[in-house]
Structures are given as C-alpha cells and as structure tokens.
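J.: Take a look at the letters that make up each chain.
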Amino acid sequence: METVRTQDVSVNDLPWKIEYLPERCTMCGSCVATCTFNAIEAGMERRSITVSTAEGPEPTQRHLATPVIKQKNSVANHCVGCGMCEKICPNKAIKPVRNPDGRENLLARSTGKPIKRGGRNNLQQERTFDKIVIGRISQMTDPSLDSERHTFDILAPFGRVLPPNELPFSTQNGELHLNGQIPPVRWIYPIIFSDMSIGALSTRAWEAIAMATAYLNEKHHLPVRMCSGEGGMPVKLMESEYLQYMIIQIASGHFGWNRIIKAMPKMKVDPAGILIKIGQGAKPGDGGLLPAAKVAEHVQAIRGVPKADLLSPPNHQGLYSIEESVQKMHMSLNAAFKFRVPVAIKCAASATSVSVYNNLLRDPYRICGGFFLDGIQGGTGAANEISLDHTGHPVVSKVRECYQAAVKQGRQGQIPLWAGGGIGLTGDAAADAMKMICLGANGVFIGKILIQLCGCIGNEHGRCNSCSTGLCPTGICTQDPRLVKRLDIDKAAQNIVSYILALDSEMRKMMAPIGNSSLPVGRSDALVTTDRAIADKLAIQYTC
Amino acid sequence: MYRISTIEGNNRMSTQDLLQRINDALAAGETEFYVEASGQHDIGGPLWHPEDKPLKFVVKNPGQRVGSMCLPGTEIIVEGSAPADIGWLNAGGKIIVRGDGGDTTAHCAASGTIYVGGRVGTRSGSLMKHDPLYDPPEFWVLKNCGSFGFEFMGGGIAVVCGYDSEEFASVLGDRSCMGMVGGIVYFRGKASGISPKDVKIAALEEQDIAYLDGKMDDFLASINRPDLRRELNVWSEWKKVVPLSYDERPKKAAVDILSFRMNEWVPGSIFGDVCTDDYAVKGLVNTDTYRLRVPAWENARYAAPCEFNCTASIPSQQRFNLLREGKVEEAYRLVLEYTPFPGSVCGAVCPNLCMDECTRQEIDESAQIGALGTYSADMTLPKPEIRTGKKVAVIGGGVAGLTAAWQLVRQGHDVTVYEGDDVMGGKLEQAIPRSRLPHDTLEKELKRVQDMGVVFKTGYKVDRDKFNTLRANNDAVLVATGAHVSRVIPWPGHERLVKGLDFLKAINRGERVPVGKRVIVIGCGNSGMDTAVGAYQMGAEQVTCIDVQQPAAFAKEIAHVEELGGVLLWPVATKEITAAGIVTDKGELIPGDTVIISIGDTPDLGFLPADTLLERGHLRPDAQYRIAEGVYTAGDTIKPGRLVDAIGAAREAALAVNAYLTGAAYEAVQKAKIPAEKLTKAYFKKCHTCDLPQAGEDYTRCISCGTCRDCQMCLKSCPETAITRMVHEDGHFEYVTNEKKCIGCGICAGVCPCGIWTLYKNAEPINMYKTFTKAQ
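Listed in order, the protein sequences are those of chains V and E.
For reference, each letter of the first sequence is one residue, going 1 to 544 in the numbering used here.
For reference, each letter of the second sequence is one residue, going 1001 to 1776 in the numbering used here.
Keep in mind that the hints were calculated from the coordinates and are not lab data.
The model shown is predicted, which means the values in this text are computed figures rather than measured ones.
Ideal Cβ positions, reconstructed from N, Cα and C, are used throughout, including at glycine.
Hints are supplied without guarantee of correctness; some may be wrong.
To be verified - So the derived label-pair ranges between C-beta atoms look like this:
(1) E:Ala-1610 to V:Thr-111: 31 to 41 angstroms
(2) E:Thr-1276 to V:Thr-111: 32 to 42 angstroms
(3) V:Arg-149 to E:Tyr-1246: 14 to 24 angstroms
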C-alpha cells in the first residue's frame, strides 16, 4: 500500500517532467552527475507481481528490483528543463519535457515570498516586429544597392549631436574657425553589447563578451561597444587600451565606482561612453538584484560589499526629477571625464517615455548624449517573476513616439535614440535592429542573445531561467567555480564574433533593398505591416 | 559587299529598320556588310547564313550591344570605339573594336572572341561563362578596364594588356573580380582592389605563356597594333587572377580568439587581480574536486526504526545481520550488551516497540524481533577480565537495579544489589502474571546476573541509616527502588478500595486473595489488565474495568481481558465507592463487590536524605542520572514507565556511574532515526504470512535499516568502478570511494537498500576568486 496524500507534491506538479526510458538506460550516472539542480537521482524500482503460468490458477511470484533514474518530487529541486541530462546521455534515455499541468506558480510561493528568476518575460510572446517586413524594395526607380560590393556607412552616434546652426563656427578672412568645445560624439556600430554586470555573469562570460568586443574592433574594424553593467569594471581592463571600447555604467547602487575612479589616473585612453542606468525594461521598479549565491569574493572586492543579497534601489537616491537628473548625474559624469566622454541615460520604456525624452531634448547644457529605451522583453539575471511578467512597456511604439516627438521639434538625431529589450529574441537581431532603425532608433542594444551565443539554453518558454540561483548549468550566470569552468571562453567569444560578422552582412542585405548607404534612421516608409493596428500606431504602410 | 548608311539628310534610320535591312540582305545571300551606323543597337547578331557561309561586318559608330548574341562564323570589326555591352551574350562571333569599349563589354560572353584596341568601361567581362561543349570565350583589352570588372565571372579568358595605363592605380580598376568563380584574367602592370575573398593572384605558368604568346599576334594584328608585340612580350610583367577553388573558400569567417587572447588581449585576464583562471574547460561530468556532489558511506550513522524505538536501544538489525552471516551465538549474545532480560522482557512482557515501525511492515509484516529475545535466554557473556576494585551498591532488585548491576559488574566493579523483598526480580517477580512471564525464564535470567558476579542481598529493607551506611561503604550508590505505593484518590468510600499492586503481588506470592463475584478495576492501563486477569484467576465471575480516558493498555492485554469476559467502560469518572459498587459522577451505579484501584504507583523514597529533591513524589536527577555526589537513580523512581524504559535508563545510568568511577565523561548518545526515504524496499520480495520464517531466520526479511548489510550492490553498480570494500585488521569492513574515479552520480546511494550512502554537495573549496584586504 502506498501512502501518498493528495497534497503531497508529485512530479506532475512541477514545471518540467523527466521522460525516462529505463530500457535504454545503462545507469552510467552521467545525467545525475551533471544536473546542477539536483533534480534527479538514482533509485531502485520493484517490478514484483503475482502471476500464474500453469494450466489453471497457480500463483507464483515474479520478483525483480531494477535500478532507475527518478525525478525528485520536490519544488526546491524542480527540473528547469535545461536538458543537460539529455545532452550527456549516451543512449537518449532521458530528457525533460515541459509540463502544461504544472502547479509551480502555486507551490513555489509556499515560502511566503515572491518567485524570483532570470531570463525574459515569459508571457509576452507576441512581437510587433514579426508582423513588420521591409517592404519598400528599391528596384526600377531607385536602383537598389549591391550588398556585397557597395560601401555602407553602418554607424550610429553616441553623444550629443549639435545641429549645424548651433555648431560654434565662425568665419574670419574666409576661413572657418571652431570656437570652443563641442560635445563629444562617438560614431559606433549600431549594436551595443548591453549591460550585464560582473556578478550577474561569471568572470569567463563577462570576459568573453569583452574579448569579442575587442576582437570585432581590432580584427574586423567593427566599432562595437560593450557596456559594463552595474557591477564595476575590471581594473586591468581599465588600465588597457581596450577601455576605448567600453561604456561604463552607473546605476542606483553605484557598485564598483570606487575602483573606477581610482583607475582614472591610470587610464591610457578614455572609455567609449558612460551610461546612467535609471531603469531596466525587464523589471521596471524592481531595481538591481544580485542574489548572495553569486556574490563571490571577486564580486565583493570589485563592488565593495560583503556576501549578501545585493539590491540596487529602484531609484537613484538624491534625484527627484528629470531636470535634476540632467543637472546632477549628467554633469558629474561629464565633468569626471573632462567633458571628453559622452554620457547617455537608460530608462525603462514607459507610458511617460516621450515626456522624458522631450525634457532631455530641451537639455540646455547639451550634455545628454543618448536616450536608451529598454522594453518589456528585455532579459535580466534576477528579478521577481511578477515584475518580469507583469510590468514593463513594449519598446517599439515608444521609440517611434519619441522619434516622432523629436521630428516635430526638428530635433531628431540630436539626442541619439537607442532601443533594447528583446532585440534578437527570435535569433534575427539584424532584422530587429534594422526595423527599429527605420522607425527612428539610431541603434539598438542586445544582451540576452549574447549569453545565448555563449551557450545559455534559457528561453522565453520557461526553459531554465535559473540565472538567479547560481546553478547555471552552462557556467555563464554563476560564480561557482565548478560551473564557471564549464564555459569555454574562446568558443563563447568566437560565437559572438561570428554572429556579429553575419549580422553585419545581414544589415547590408537589408540596407541594399532600401537603397540607403547609411543607416536608414526614421525611414519608416521602408516598412510595411499586415496588421492594421500596428500600421496606424507606427504610421507605416498597411498591406495585405 | 552590302553597304548601308543610316543617315540620309537629317533623317536617322531606326535600329529596327537597319536590322531588318541587314536581315533582308542576308536572306538574299549577302555575306559582307559595311554599316555606317549612327548609334543603332544590336548590330551583328544573332545572324547566320542559310548555307553556313561566314559573315563579315565592318561597322562605324555603332550603338550599344554591337555583336550581341553573336554566332560562330560572324566577324565584326568596329572602326573606332563602341559604347556599352559589346559582345553581350557573345555565343561565338569574333568582335574587334579598334578603339575603346564602353561599360560592361563582353558582359555574359560565353563563346567567341572579343578584341578591344583601347580601354573598356566599368563591369566589363562580368558574368562571362564557359560552356564545356565549346572553346572558352576570349576577351582581350589592349589598355585597361574600369572598376568592378569581371564580377561573378564564371569562365573564359580575359586578357588586359595594360598598355598606356601607367597613370592608373590599377589596370583592372577597383574592386574587380567580386564573386568570380571561374575562368582566368591575365593582366600586365599594376592591379589592386581585386576581391581577396574570391580570387588569388598568381604568376604565369608555362601554359599561360603559351596561350598568350600564341594569341598575341592575332590580337595585335586585329587591332592594327603589331608594333606593340615586343613591348607586351615581357612575361614577367604579367600576372593572372584565378578564382579560389570551392575548397579554398573559407566556409566560415576566420576568427581566432585563442591567438588573440594569448597574444593581444590583456595578459592573463582582465580579472587577473581578483580571479585565478587557467581557462581550462571542464565537461559536464567530472571526477574528484570538480564533482558537483560526493558520496559518503556512513554505516550506522542512523538508527534503524527498531533500535530507535526501543528505549533500551537494542540494535536488532545488527542481530539479524549476524544471523545472516551465520554468527548465531554472536547474534544472540549481542542483546546482552543492552539488557540482561531478553527472555523475560523482550521475549515475554515487552510490548515490543521495536516492531511498531519496522520498515518491513510496509512490505509485509514486521520482522519478528520480540521472539528473538527468547533465543538469548540461555546465553551469557564472558566475565570481566579486569577488576576495578570499586564498590557499587544498587538499592532495589527490579529490572532497573539488576540491569544497572549487570552493566556495572561487567565493567569490573564489585556490585551488590540490596532487595527489600525476599526474592529478586522486582515487579517481574512480584506483579507480572506468571501467565505472561514463565517463571523459569525469569529465574534463569536472574541467575545469569548473579553468575556474572553480582551479589544479591534480599530481605534488605533500606532506611535512612542503612542508606547512609551504604553510601559511606561504597564508591557509588544507585537507587532503583521503583514505585510500589499504589496511588489512591480520596473519594468517599476509598477505604473500601483494594490496591492493585498489593493484589498482584499477593497472587504472585501464591496467595489466594478473596474477591467478590463482581469486581471493578479502576484504571485501564496494562497493570489494570493484569489486575483484571488476576481477578478472574481469583474466582471473579464478572470484571468491569473503567477509566476516565481511552484505555492505555496494549491491544493484546485488552483482548486477553475481553476473552475472559471482561468489559471496559470509558470515559467513566468515579464519584463514590459504596458497598454496592461505584457511583459515577453522573449518579449511575456500577455494581461491584470488590473494587481494585490500578492507576499507577509512586515510589517510597523515605530512606533518602531529607534534602533530596522530589517532584510529585519522584526523583529529579540531572542529565547524568545523578541525585547527589556518587548517588544515581534510574527507573520508576524518576517516572512511571515500562520495563524496557527502566532497562534503557538503567543502562545509561550505569554508564554514567562507570564514567564517574573511572573519571571519564559521560555523554548520552543521541539517536537519529533513519529517514524512511533513504531505504530501498524494492529489493524485498513480499512474503505472505504463511511463509513467515522462524524468528531466528527472519534475517531474510530484515532490511538492515541504517546498518550496512554488506550486499555489495553499491560496489557492483558503480558505473565508474570507484568503490572498493576494505577489510580492516580487526575484521570490520568499510566501503570506500576512489575520488579519482567517482563522478558523484549517487548511484551508490540510490541502490543501497540500507540507506548507508549519502550524496553531499561537494564542499571542497576551489580557490578561484580572492578578495585582497588592505595591508595593515
């Protein structure tokens, strides 16, 4: 007799079920040994039965005890579907299968605390970009460009761009003179490797992205920039020439800035820029969150904190308005780098984004070097699931509205618009980037797809998303040396480099039919959609 | 010779009219044409003579696509220059342009020859092809080409002689040969911007020179420049462009991160100041330090349910293991380490708590542990080899006192038990019905205690003086006088009550105790049931047992009473005892001639010093079982309990006394019951009741919870053969893991029937990161 009770947790309550074929299994133990989530275990099963093999009823017992791999009936050890067991199994005997009847959402709150996880929004599966195509194909009237042979100018500004009439030029004796300093502007590749912190990422993963950035610049002359995230900067990187490819972030927690400031006298070059993070699209209102499990010694050192759950406040302490933000944060960071380094600001897309952008456009000090808008489909290393799934704002229409607001004032392009949050979610970052640019963005920033290129197997259908646990099976979002050392740093960097090289060709493949040699910023006439509502909202051509 | 001029006065002939005229003349048999054109397109092809005679055109001032789709047998000579698309889709004609050619000259030519005596424009030679059924197309240019030449060239031969082109950076223009996959382009002089991803530039080989040398005279003669032969004949000035073969083309972007990291990246690592990393890559499964988890063989870390539940902590799983190994005597002796009364208590009166939660119950039935005790009634242990000379007085000869004496004498102490009664054994002797405990078993076990060297002094009632004397004359005193004063509640008429313990003692003494026909027993515990049985023995016809709460007696004892005709009533509260019986608080009368009270007994501790701390009539020893310096206690003096409770406590108290006597520290052993999920029951075949073996053979069914049964399942299941069985000098065995082989899969833990293996998170530190603190 079994003694299970109705409220006991069973495998069918968990989000993933292990599908196991005992007849294929050789009990090599690899699946159990590799599972970082401790979700499976070895055990014995009784195959005992009373049978009759005689001509009449003549009971005999047939008894067999056989070893098997079992999934644990435990919410704390639930399978996340990472599939490492399936990957390692030599006999295809085991794999996780998504369980549509799981009750994880109810059971996981039994601690009386909200569910935390990493990854992206798992509910917003609809994507505006999947209903938009580049539909204006230059052919007979405007000759299209040949993507293979044409020289394209794939560059976007990072920094405050002054309109010609505001440039401090004067003419004397028929010669042009520049009077005074103009704001720094860096013309960079329109894809920024977005801010994932030291701490959120393993040392290897962070360094792989930094190395890929440098490689793309040095070997392929693609001026890609990487943003540090809010976990400080490696001192040795700041003291190297490669600092020129790095955008340093400051967020509400101000983590890591002691070492950044102390490194200033030793910097051989200026960083590419500074990004003031006000908010994050994946979890607006949640602030930064680094679980104690990931606060290893080096994180403690760089950030200057002990091992604990590290929470960045959801707002900057001491900033009370956009005006103040411009005055204080922009001014301080411009001043810190002697007004040579552009400073931009990143906010979560919101119902109020246009007002914020309008305020920035009026910036009388001309020191806001970019407006980064981060949408609801962005990723994160750790957040309350409620924030991930139920707060945020789609970024596409918001970027469009900001652009249109700037156009209305004749100020488009002065404070570059950068968009992120779900760019590359389906794997085609180039398409997302180009559509975003046609709608008015100067460039885009990507994050999640970078770690996916490194080997992250998480997705928007509830797979893995365990970045907050410290148990990342791929060694990317963990500081456990046993797991970090699973990551091949060279391969990770290589995958990113190769992807960006492909993306660069793909960007040309889309610019060629549009017929633009430079980025088609705001060329919304190039886009068409089969969705009436999208066409109306974005002011692009409806087609069917 | 058909001559035609296309301008008459101010009128220019249309392309269509000119071509139709030529077609008409051709149809009329004409083979030679002289065309004074004025920009008409497509002159010269595709045309053929009905009798296959060769056709010859001399053209002045043609429009675009002169010689387009030209067929073999047609020769076209353009005197002067021609605009775009000369020889477009040339299919075999010979086209000679003595001046310059326009853009896209020889575009898509696949056969024939095109000679240009000057320069050609952009994208010339693009998409040329070679049909293997025919000779390759040839395209010779005396001077140079515009940019983007030979794009997507798939076959044929192009020759750019670079004459009079010194002013140009590249005789092939910029960005030539993009997408070129076939054919060959010879050039003389400087060339740059040639698509490196598609082609390579090579020196001429013998057959290249042979071709150029062989064709040069015809070319120069055709364009009327034979004088240049000497100048163009310096083959060292020539090179050729050939496409990369399919295999030579990179299938993926050339990315070499490793070299970059080793040679150009921040030396060591950007995290070199806070992190030590050799960048070696670990797989998904590792041994040793990099295992995620490590197994531990923890034999007997957990108590089996039988051992845990037994208040005397008898490890019955170990008895069964010894029986399984054939060590029968050893098995039956083992219990004597814990109790001197396996026959009297375990095998007779004990409720056998050991069997209550036996894991085997979940398969079929509990292992037969109680009965195992009877096998040990005749066993004994060796006498102690060393005498300590320490003297211990034990006051009270019941199970507690005798157990303590048994343990202490075996430690080499001189132990005397002082019993107030005339016979040793306490309640076993005095109160337990003989029907439950065969007297000869008890006598044998008492004798075993005596034979071990314990001195029995019966009829020795201890008072305060005697106690002080004993304390003075001994190194330690252990008070185990039990509880012999029946509790009585002062209801009206309580003087009518018969005290249960006195009643039972009288029966066991062999006295005939008179009782009425109807007997009421107050209290439904085990003693109450013994009393009820005794009442029937003494001649009662109807016994009614009452209690204020649910009867606490074991089901077996209740059943015995009910078999005899007894009735249990509860909850019933007594208000008064009368001659007619009991009046309940509800005013009802339960008729009875004799009323016996059996609601527990309290100790009589008057012999202890006046300052002895008591609580509700019981002693309150410290955690060492000590009530005063050198004075210890165990059993019912502390609280009422079962016989096995007294045995367990007495053994612990004896250990405490021994520690005191030897100057060691006593610490009670904390038992932890093995978690049920650690055990693997799947191995065990269900045994139907009819098949149950004798208790002595029940080792077949015992799972051996928490204690290794040495089955070797782990050893033989380990996929990495990492487990070995080690036998130590003293004969005990151990299973050990070779960390160099172990991957931490935990199959050992999964297959272990006894729950010996546990898989722990690998706690071995890996010093990868560091936090430097400021130097002090």
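J.: Of the numbered hints stated earlier in the document, which are not met by this structure?
T.: 1
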